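A.B. asks: Below are the chains, spelled out letter by letter.
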Amino acid sequence: MKRTRTTGVSRRSTLALMGAGAATIAMPWVARAQAKTIKIGMPTILSGRVAQLGTSSRNAVMLEVEKVNAAGGLAGRQIEMVIRDSKGQPQEAARISRELVNTDGCELLIDAEASSGAFAVHEVARDLGVFCIHTNSETSSLTADPKQHIPNAFRTARQGVHDSIVGGSYAAGIAKAKGLKKWATCSPDYAYGRDTTGEFTLYLKRFAPDVEIISDSWPKLFQPDYTEVVTKILQAKPQALYSCLWGGDLTSYIDQANIYALFTQMEVFAVNMADYTALTVVKNLPKGIHSGNRYIKTYPGTPENAAWGDAYKAKYNEYPTNWSWENATAIMLIAEASKKANSADGKKIAEVLRGLTIKCPFGADGTVTMRGEDQTLIGYAIGWGTTIPQEPYVPEVKAGDWKTILELEAEWKKSKGYT
Amino acid sequence: MDLDALAGCLASPACLVTQTTSGLIIGMLLFLVAVGLTLIFGVLKVVNFSHGAFYMFGAYFAMTAYQFTGSFALAMLCGAAGTAILGLIFERVFMSRVYGADVLMQLLVCYAFVLIFDDVVRMIWGPEFKSMGMPSAFQVPPLFIVGGVVPPYYLLLIGVALAAAVVLGLGLARSRIGKVIRAAAHNPGMVSALGINTGLIYGGVFALGGMLAGLAGALAAPVRSLTPGMGFSVLIESFIVTVIGGMGSILGALIGALLIGLIRSFGSLGFPLFTEGLMYLFMVIVLVSRPTGLFGKEVA
Chain Y
150 MKRTRTTGVS RRSTLALMGA GAATIAMPWV ARAQAKTIKI GMPTILSGRV AQLGTSSRNA
210 VMLEVEKVNA AGGLAGRQIE MVIRDSKGQP QEAARISREL VNTDGCELLI DAEASSGAFA
270 VHEVARDLGV FCIHTNSETS SLTADPKQHI PNAFRTARQG VHDSIVGGSY AAGIAKAKGL
330 KKWATCSPDY AYGRDTTGEF TLYLKRFAPD VEIISDSWPK LFQPDYTEVV TKILQAKPQA
390 LYSCLWGGDL TSYIDQANIY ALFTQMEVFA VNMADYTALT VVKNLPKGIH SGNRYIKTYP
450 GTPENAAWGD AYKAKYNEYP TNWSWENATA IMLIAEASKK ANSADGKKIA EVLRGLTIKC
510 PFGADGTVTM RGEDQTLIGY AIGWGTTIPQ EPYVPEVKAG DWKTILELEA EWKKSKGYT
Chain U
2 MDLDALAGCL ASPACLVTQT TSGLIIGMLL FLVAVGLTLI FGVLKVVNFS HGAFYMFGAY
62 FAMTAYQFTG SFALAMLCGA AGTAILGLIF ERVFMSRVYG ADVLMQLLVC YAFVLIFDDV
122 VRMIWGPEFK SMGMPSAFQV PPLFIVGGVV PPYYLLLIGV ALAAAVVLGL GLARSRIGKV
182 IRAAAHNPGM VSALGINTGL IYGGVFALGG MLAGLAGALA APVRSLTPGM GFSVLIESFI
242 VTVIGGMGSI LGALIGALLI GLIRSFGSLG FPLFTEGLMY LFMVIVLVSR PTGLFGKEVA
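Protein chains in written order, with this note's numbering: chain Y, 150 to 568; chain U, 2 to 301.
Honestly, the hints are just simulated from the structure, not real lab data. If you're wondering where the values come from, they're calculated on a predicted model, not measured in any experiment. Worth double-checking, as some hints may not be accurate.
Straight-line C-alpha distance at most 27 Å; calculated DSS-like pairs for lysine-lysine [as the list claims (entries may be wrong)]:
| # | chain 1 | residue 1 | chain 2 | residue 2 |
| --- | --- | --- | --- | --- |
| 1 | U | Lys-131 | Y | Lys-464 |
| 2 | Y | Lys-325 | Y | Lys-386 |
| 3 | Y | Lys-436 | U | Lys-131 |
| 4 | U | Lys-131 | Y | Lys-369 |
| 5 | Y | Lys-185 | Y | Lys-216 |
| 6 | Y | Lys-236 | Y | Lys-369 |
| 7 | U | Lys-131 | Y | Lys-432 |
| 8 | Y | Lys-296 | Y | Lys-552 |
| 9 | Y | Lys-489 | Y | Lys-185 |
| 10 | Y | Lys-325 | Y | Lys-547 |
| 11 | Y | Lys-489 | Y | Lys-216 |
| 12 | U | Lys-131 | Y | Lys-462 |
| 13 | Y | Lys-436 | Y | Lys-462 |
| 14 | Y | Lys-188 | Y | Lys-508 |
| 15 | Y | Lys-369 | Y | Lys-432 |
| 16 | Y | Lys-552 | Y | Lys-508 |
| 17 | Y | Lys-354 | Y | Lys-552 |
| 18 | Y | Lys-236 | U | Lys-131 |
Construct the entire structure; sequences and hints are all you get.
C.D. replies: Structure (C-alpha cells):
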C-alpha cells in the first residue's frame, strides 16, 4: 500500500516559519529590505490655511513617483508613498514621522512641512537615523547651523539667505537707478517674516548704502484686515515698500492697498508675489510689482520647465507652487542617487547624494546640486522680475548670480559663527 | 513705541481723516458681526460661538453670486439673504434643542458646527484661498478729503453699516416686532402665554443675526481673501467688542466696535508693536471698571 503524505505544515516548515517570524520581529529592517515595495513616509499640511501648498507638495511628489515607478522604481523596488496630514502642527508632524517609520515601515522620509514642523521632524530623523529630505523649510539655519547637521538629513527647499542676497542686490539696483532712498517694510510677525525681512534689508543696504528704513509694520499671520497698516505706510510716504507676506495674506493686502492706490505711490517689492497661488487669485493685480520667482513655468525659460509645469496642470487642473518644485526635486534626487548606488537603502542613497549634481528642470543652468558640506540644494533657478496681470505674469526675470550668492552666503555663515 | 508719529498724525488734518476713516472701516465691519452676536445673546441667552461661520458663508455666497451674475448688489443680497436662511435652519434644527442645556453643552454644539461649517466650505469651494475682486464701479482713484485718503468703496461700506445700525436700533425701539423681541428677551414665558410664537421669534432673531454677519462677510469679500476658517479671527474681535460694549447691547456693540477700530488705526502709528495688546488692555480696563461693559445696563 502506497503511503501518501498528507497536506499541511510539516514540523520543519513550522520551525522555519517561526525562525523567520522571530527574526522579523527582532530586526524589522530585514523584512523591509526584502519587501518588494519601498515605503516613503511624507508628513505635510493637508488641512488648514496652507493646505493648498501641502496638497501641491503631494501632487508634485506623486507626479514624479509615477515616473520613477514606471522606470522600474528604486533599485527594482516600486515606491509606495505614505502621506499623512500634520495640520501644520509641529508636535503632530513629529508624531506622524515617528509613526511612519516605526509602525508603517517607511524606510525614507520626505519632510514636506513648513519651517516650524521641519525642525520637529529633523529631531525625529536625528533620533531614528532614518534618511530624510526637508522639502519646504526655507529657514537657512536648518542646514547652515552645524548644530543642526546630521548625516542622514538633506534639504531641497530654497534658502531664505539665498533669496535675500538676490532680492537685496536686485532691489538695490533699482533703488540706485530710481533714487529710492526711503523704504518701508510690511511683513508677517513670526520667525519667517522677521528673519527674511532682516536679511533682505541687510543686503539692500549693503548694495545701496543710502537706503533708510523709515517705517516697519508687522501684521500678525493670517490677519484679515490690513487697513491700518496700509494707511500707516501711506502716512510715512516711503518711496519703496518691501513685503514677504504670502498666500491669502498677500492677496488680501493687495486688494486692500489697491483701493488706496498704494501701488501708484511707491515701488513695491513682494518676494512671494510670483507664485501661481497668489498670481491667479488676485483679480486686480497691479502692474509692476517686483517679486522673486517662486514657481513659474516660464522661468527658467526652458522647454523642460514649461513641459513640467504643463504636465502638472494637465494632471491636477491647477498650476504648481513653490513647494511643488521643491518636492519634485527631492524625488528626482533620490531616484538618481538610488540608481548610482544601485540600492534603495537610505544610508547608501545618502552617501551618493552628497555632492550629487543632476539634470533638473528647475536648475539655473539645467542642473541642481546637493552641496556636500551642508547637504542643501544649490544651483536652482533664482531671480527677480516685475509682474503683469496676465500670463506669463513675470515676463522677464533677472537671474541671480550663483557665484555671488555662494560668496555672500559664505560670509553670512561666518558672521553667524556657523563656519 | 512711536509717540512722535502719533502726535504728528493728531496735528495733521490729512492724517486724522485717513486714520479716522480707517478706524471707521474696521469698526463698522466688526459692528455688523458683533451686533448679531449680541442680539442673539440678548434674546436667546446663547453665546453663539459659531457666529463667525455666518460671516464666512456671507463672503462665499457673495463671491459665488458675483461670479455668476457680475452684479455687486445681487452679491450683497445673496450674502445677506443666504446667511439669514442658513441661520434660521441652524436655529430651528439644532440650536433650539440646546436652549435648556448648560452653557458648556451649547458651546460644544457651536464649536462642533464651527468645524463642520469650515469643512462644508472646504468641500464646496475648495481649501485654497479665493478673492472676489473689486467691482469695476469701485475701481476708481481714492477721494482726497482735507488731504486724507478715503477709498469710495469704504464710504459705501460705512454707509451700509450705519444704515443697518439705524434700522436695527429704530426697529427694535419703535416697531411692534421690536417690542415683542424685547419682551421675549425679558420674559419669554409671559410672551408665550400671550399667544405669541416664541419659537418663531427666536428663529427670526437668529436669522437676523446671521444675516448681519453675512452682510459683513459680503461687504468684506472684495477686499479680504476668502478661506475656510476665516470667520474665527473676526469672531474673537467681535467677542472683544461685545465684552467692551456690554453683552446684549446694540449701542454698546456700535461704540465698542468703533473704539476698537480707532484703537487699531491710531495704535498702529503710536504703538506699532502693541496694537493687538492695546485692544486687550482696553478690554481689561473696561472689565475692571465696569464688569458689565460700557452699556451693560441694557443687558436683558
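A.B. asks: Does Lys-369(Y) lie within 27 Å of Lys-131(U) when you go C-alpha to C-alpha?
C.D. replies: Holds, at about 20 Å.
A.B. asks: Checking one constraint from the list: CA of Lys-325(Y) to CA of Lys-386(Y), max 27 Å. Satisfied?
C.D. replies: Distance of about 18 Å is within 27 Å: holds.
A.B. asks: Given the hint that Lys-436(Y) pairs with Lys-131(U), does the C-alpha gap stay at or below 27 Å?
C.D. replies: 20 Å, holds
A.B. asks: Given the hinted pair Lys-188(Y) and Lys-508(Y), is their Cα-Cα distance within 27 Å?
C.D. replies: 25 Å, holds
A.B. asks: Hint check: Lys-436(Y) vs Lys-462(Y), CA-CA at most 27 Å. Holds or violated?
C.D. replies: Holds, at roughly 25 Å.
A.B. asks: Taken at face value, is the distance from the CA of Lys-432(Y) to the CA of Lys-369(Y) at most 27 Å?
C.D. replies: With Cα atoms ~24 Å apart, Lys-369(Y) and Lys-432(Y) stay inside 27 Å; holds.
A.B. asks: Given the hinted pair Lys-552(Y) and Lys-508(Y), is their Cα-Cα distance within 27 Å?
C.D. replies: Cα-Cα ~19 Å, so holds.
A.B. asks: Next pair to validate is Lys-131(U) with Lys-432(Y); report whether the Cα-Cα distance is within 27 Å.
C.D. replies: Answer holds: Lys-131(U) to Lys-432(Y) is near 10 Å, not above 27 Å.
A.B. asks: Does the alpha-carbon distance linking Lys-131(U) and Lys-464(Y) stay inside the 27 Å limit?
C.D. replies: 21 Å, holds
A.B. asks: Does Lys-185(Y) lie within 27 Å of Lys-489(Y) when you go C-alpha to C-alpha?
C.D. replies: Cα-Cα ~19 Å, so holds.
A.B. asks: Holds or violated: Lys-236(Y) with Lys-369(Y), Cα cutoff 27 Å?
C.D. replies: Cα-Cα ~19 Å, so holds.
A.B. asks: Just to be careful, I want the Cα atoms of Lys-354(Y) and Lys-552(Y) compared with a cutoff of 27 Å; is the pair within it?
C.D. replies: 20 Å, holds
Of the numbered hints stated above, none is contradicted by the structure.
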